[in-house]
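Line by line, the protein sequences give chains A and B. So for the first sequence, my numbering puts the first residue at 1; every next one is plus one. So for the second sequence, my numbering puts the first residue at 1; every next one is plus one.
Just so you know, these hints were derived from the structure itself, not from any lab. A portion of the hints provided could be inaccurate.
[What the hints assert, rightly or not] So, partial list: chain A residues that the calculated Cβ filter (under 7 Å) puts toward chain B:
{"no.": "1", "residue": "N22"}
{"no.": "2", "residue": "N223"}
{"no.": "3", "residue": "S271"}
{"no.": "4", "residue": "V274"}
Predicted model, so just to flag it, every value in this text is computed and none were measured. All C-beta atoms, glycine included, are put in the ideal place defined by N, C-alpha and C.
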Amino acid sequence: MTEIFGVPIQALLGQLMLGLVNGSFYAMLSLGLAVIFGMLNIINFAHGALYMMGAFLAWMGLTYWGISYGWALLLVPIAVGVFGMVIERTMLQWLYKLDHLYGLLLTFGLALIIEGLFRDQYGVSGLPYEIPDLLTGAFNLGFMFLPKYRAWVIFASLAVCLATWFGIEKTRLGAYLRAATENPKLTQAFGINVPLMVMLTYGFGVGLAGFAGVLAAPAFQVNPLMGSHLIIVVFAVVVIGGMGSILGSILTGLGLGVIEGLTKVFYSEASSTVVFVVMVLVLLVRPAGLFGREK
Amino acid sequence: MKKTTIATALAAALSLTAGSAAAQISDNIVKIGVLTDLSGAYSDLAGTGAVEAVKMAVEDFKAKEKPAYAIEVVAADHQNKGDIASNKAREWFDRDKVDVITDMVTTSTALAAMKVAKDKNKIALISGAASTRITNEDCNDVTVHWTYDTYAVANGTAKAVVKQGGKSWFFLTADYAFGQSLEKDASDVVAANGGKVLGSVRHPFPGTDFSSFLLKAQASGAQVIGLANAGTDTTNSIKQAAEFGITPKQSLAGLLMFITDIHSLGLKATQGMYLTEAFYWDANDETRAWSKRFFDRHKRMPTMVQAGLYSAVSHYLKAVKATGSDDTQKVMAAMKKTKINDFFAKNGYIREDGRMVHDMYLMQVKKPEESKYPWDYYNVRQTIPAAEAFQPLSLSKCSLVKK
Numbered sequence: 001m002t003e004i005f006g007v008p009i010q011a012l013l014g015q016l017m018l019g020l021v022n023g024s025f026y027a028m029l030s031l032g033l034a035v036i037f038g039m040l041n042i043i044n045f046a047h048g049a050l051y052m053m054g055a056f057l058a059w060m061g062l063t064y065w066g067i068s069y070g071w072a073l074l075l076v077p078i079a080v081g082v083f084g085m086v087i088e089r090t091m092l093q094w095l096y097k098l099d100h101l102y103g104l105l106l107t108f109g110l111a112l113i114i115e116g117l118f119r120d121q122y123g124v125s126g127l128p129y130e131i132p133d134l135l136t137g138a139f140n141l142g143f144m145f146l147p148k149y150r151a152w153v154i155f156a157s158l159a160v161c162l163a164t165w166f167g168i169e170k171t172r173l174g175a176y177l178r179a180a181t182e183n184p185k186l187t188q189a190f191g192i193n194v195p196l197m198v199m200l201t202y203g204f205g206v207g208l209a210g211f212a213g214v215l216a217a218p219a220f221q222v223n224p225l226m227g228s229h230l231i232i233v234v235f236a237v238v239v240i241g242g243m244g245s246i247l248g249s250i251l252t253g254l255g256l257g258v259i260e261g262l263t264k265v266f267y268s269e270a271s272s273t274v275v276f277v278v279m280v281l282v283l284l285v286r287p288a289g290l291f292g293r294e295k
Numbered sequence: 001m002k003k004t005t006i007a008t009a010l011a012a013a014l015s016l017t018a019g020s021a022a023a024q025i026s027d028n029i030v031k032i033g034v035l036t037d038l039s040g041a042y043s044d045l046a047g048t049g050a051v052e053a054v055k056m057a058v059e060d061f062k063a064k065e066k067p068a069y070a071i072e073v074v075a076a077d078h079q080n081k082g083d084i085a086s087n088k089a090r091e092w093f094d095r096d097k098v099d100v101i102t103d104m105v106t107t108s109t110a111l112a113a114m115k116v117a118k119d120k121n122k123i124a125l126i127s128g129a130a131s132t133r134i135t136n137e138d139c140n141d142v143t144v145h146w147t148y149d150t151y152a153v154a155n156g157t158a159k160a161v162v163k164q165g166g167k168s169w170f171f172l173t174a175d176y177a178f179g180q181s182l183e184k185d186a187s188d189v190v191a192a193n194g195g196k197v198l199g200s201v202r203h204p205f206p207g208t209d210f211s212s213f214l215l216k217a218q219a220s221g222a223q224v225i226g227l228a229n230a231g232t233d234t235t236n237s238i239k240q241a242a243e244f245g246i247t248p249k250q251s252l253a254g255l256l257m258f259i260t261d262i263h264s265l266g267l268k269a270t271q272g273m274y275l276t277e278a279f280y281w282d283a284n285d286e287t288r289a290w291s292k293r294f295f296d297r298h299k300r301m302p303t304m305v306q307a308g309l310y311s312a313v314s315h316y317l318k319a320v321k322a323t324g325s326d327d328t329q330k331v332m333a334a335m336k337k338t339k340i341n342d343f344f345a346k347n348g349y350i351r352e353d354g355r356m357v358h359d360m361y362l363m364q365v366k367k368p369e370e371s372k373y374p375w376d377y378y379n380v381r382q383t384i385p386a387a388e389a390f391q392p393l394s395l396s397k398c399s400l401v402k403k
C-alpha cells in the first residue's frame with residue numbers, strides 16, 4: 001500500500017473526507033457570522049447558542065409534533081430566523097452606532113441565557129436524534145465507508161453556502177444589501193428601506209446557524225453545550241478568512257476542516273489547537289485575514 | 001502595643017473556654033457543604049441530584065435520630081476547576097464553619113479541595129471524582145473516596161470483556177489526567193488477563209467529532225475499542241461508531257459510564273455493552289425503595305454518584321451521633337471503625353488509604369425489547385466482591401499505608 005509519511009494513503013483520504021465534513025459546519029456557521037458582521041457590524045456571539053437551538057428545535061419537532069427531518073430542514077431555519085429578527089428589532093438595533101464591544105457583550109449574554117434555559121430543561125447529557133431512514137447506510141468509496149449522512153452534510157452545506165454567495169454578490173437584492181452596508185444614509189436616500197434589510201440580514205444569518213443545527217442533530221448528540229464547544233473555532237475561522245468576507249469564510253471553513261483532519265492523522269493531541277496556530281500565523285502575515293481588505 | 005497584647009490574651013482565653021465549654025458540637029450546628037458540578041458536563045450525573053441526595057440523607061437522619069443540634073446543607077458549583085473548588089472550600093471552612101465537604105466531580109477539583117480540607121483539618125467525602133490518585137499519591141487521613149474509582153470500573157469491565165473473548169484492544173482516550181489514568185488501569189487489566197493492547201489514540205477534551213479517531217481504531221483491527229473518556233465524549237463516540245459501521249463488527253467497551261449516559265443514548269445504540277457501576281437502582285427492594293423516593297423529588301433515577309453521596313453523608317452523621325462530637329479526628333476514627341450497611345453498600349469499610357471498599361457490579365445493557373418500564377436498562381451480570389473490586393493495598397502508593 002502506498003504511504004505518505006508512514007500513513008497509508010487510504011487512511012489519509014478518509015481523514016481528508018471527514019475533515020471536509022467538519023469543514024462544512026465551520027463554513028456554514030462562519031458564513032452566517034461573516035454576513036452579520038459585514039452588514040450589521042455586530043460580532044454575534046449568540047451564533048453558537050442559535051445553532052444549538054436549531055438542533056433542539058429539530059429534536060422537539062420530531063419528538064413532540066412528529067415533524068420529520070426534511071420538514072425540520074425547512075421550518076427550523078425560519079423559526080430561528082424569526083427569533084433572530086425579534087432580537088434584532090428589540091435589542092440589537094440600538095447598538096449599531098456604538099462600539100463593537102456592546103454588541104459582543106449583548107449577544108454573549110443572550111447566548112448564556114439561551115444555553116442556561118435549555119440546560120435547565122433538558123440536562124447536559126444530550127438527546128438522541130436518529131438519522132432519517134433515507135440517509136442511513138454508507139457509500140463505499142474504495143478508501144473508506146462514507147456514511148450517506150455525512151455525504152449529505154457536505155452536499156447540503158456547499159449548496160447553501162454557494163447560494164448565499166450568489167445571492168449577495170450577484171443579485172439585485174444583494175447589491176442593495178452591499179450598498180446599505182457601504183453607505184446606509186445614501187442608500188436610504190434612494191428609497192431603499194435599510195432597517196428592514198438589516199433585520200432580514202440578521203434573520204438570514206442566524207437562520208443559517210439554525211440550518212447547521214438541524215444538519216448537526218443526527219450526527220452529534222443534541223446537547224445544550226454543543227454550540228459553545230464550536231463557536232470559538234468558528235470565530236477563529238472568521239478571523240482567518242477576514243471579517244465580513246463571504247467567500248473567504250466559506251473557503252477558510254472548508255480548508256481549516258481539512259487541516260484539522262490531517263492533524264488528527266499525524267498528531268491528534270494538537271487537533272483542537274491547530275486552528276489557532278493557523279490563526280496566529282495568518283494574523284502575523286495578513287492582519288486583515290486571508291480574504292479581508294484593509295480599511 | 002500593650003493593648004494588642006491584652007486583646008490577644010483575652011481572645012486566647014476566650015477561645016480556650018469556648019473550646020472546652022462547647023457541647024462537643026461546635027456552635028451546635030453540623031454543616032455539610034456539597035461542592036459539585038451544577039452547570040457543566042457532569043451536572044446530570046451529580047449536580048442538583050447530588051444536592052438532593054444529601055438533603056435526603058439529612059432529613060432521614062433528623063427524622064430517625066431527632067438530634068439536639070441543627071444540621072445544615074449548603075451547595076456550590078465548582079465549575080470543574082481546581083482553583084474554584086479550593087477557594088470555595090477555604091471560604092466554607094474559614095467563614096461559614098462548614099464541617100464536611102462532599103462530592104467533587106472531577107479529579108482536579110477533588111485533589112484541590114481535599115488538600116484544603118487537610119490543611120484546615122476538616123473532612124472530605126468524595127463521590128463523583130474517579131482518579132485513583134485520591135487514595136494513592138495524594139491520599140490523606142481526612143479524605144474518604146466513597147463510590148468508585150478508575151481502577152474499579154476499568155477492572156470490572158475490561159476483565160469481563162476479555163473473558164468473553166475480546167482479546168485485542170484499542171483505546172480511544174480523552175487527553176487529560178483522568179483519561180490517561182483510565183487507559184492505564186484498563187491496559188493493565190487487559191494484559192493481566194491474557195489480552196493484548198494494539199494501540200491508542202488521544203483526543204482533545206471535550207470533543208464533538210470522533211469519526212477520525214474511530215477510523216483509526218477501525219484500522220487497528222482490534223476486537224474491542226475501549227472508551228477511556230466520559231460524559232458527552234463517550235456518548236458521541238458510541239453514536240458515531242454506529243454511524244460508521246464500526247459496531248457491531250468491533251465492539252465498544254465504555255470504561256466509565258453512568259445510567260444517565262444510557263438514558264441519553266437510548267437502548268438501541270447501547271444494547272449489549274458492558275459497564276461497571278457501584279449501584280443500580282433496580283437491583284433489589286432496598287435500592288428500589290430509596291431510588292423511587294429520589295425519583296419523586298428529582299424526576300430522574302439516581303446515578304451511583306448520587307446514591308453514594310447519600311450513603312457517605314448518612315455514615316458521617318451516624319459517626320457524629322456516636323461520638324457526640326463534630327471533631328474531625330474523632331468522627332473520622334468512628335467512621336473508619338464502623339462498617340457501612342445501607343442500601344448502597346453491604347459490609348463496606350474505609351481503608352487506611354481512604355478508600356471505601358464495597359462490592360461493585362458488572363452490568364450489561366438490555367436490548368430495547370427487554371426493557372419493560374422507564375429506566376429499566378441493566379442486567380446485573382456479576383457481583384464483583386469488595387476484595388477484588390478495588391486496587392489491593394499491596395499496590396498502594398499512599399504514604400499512610402504501612403507495608
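Evaluation of the provided hints:
Among the interface hints, the one on N22/A holds; its C-beta lies about 5 Å from the nearest C-beta in chain B, closer than the 7 Å criterion. Given hint, N223/A at the interface with chain B, holds; its Cβ is 6 Å from that chain's nearest Cβ, closer than 7 Å. Among the interface hints, the one on S271/A holds; its C-beta lies about 6 Å from the nearest C-beta in chain B, closer than the 7 Å criterion. Taken as an interface hint, V274/A does not check out: its beta carbon lies about 10 Å from the nearest beta carbon of chain B, beyond 7 Å.
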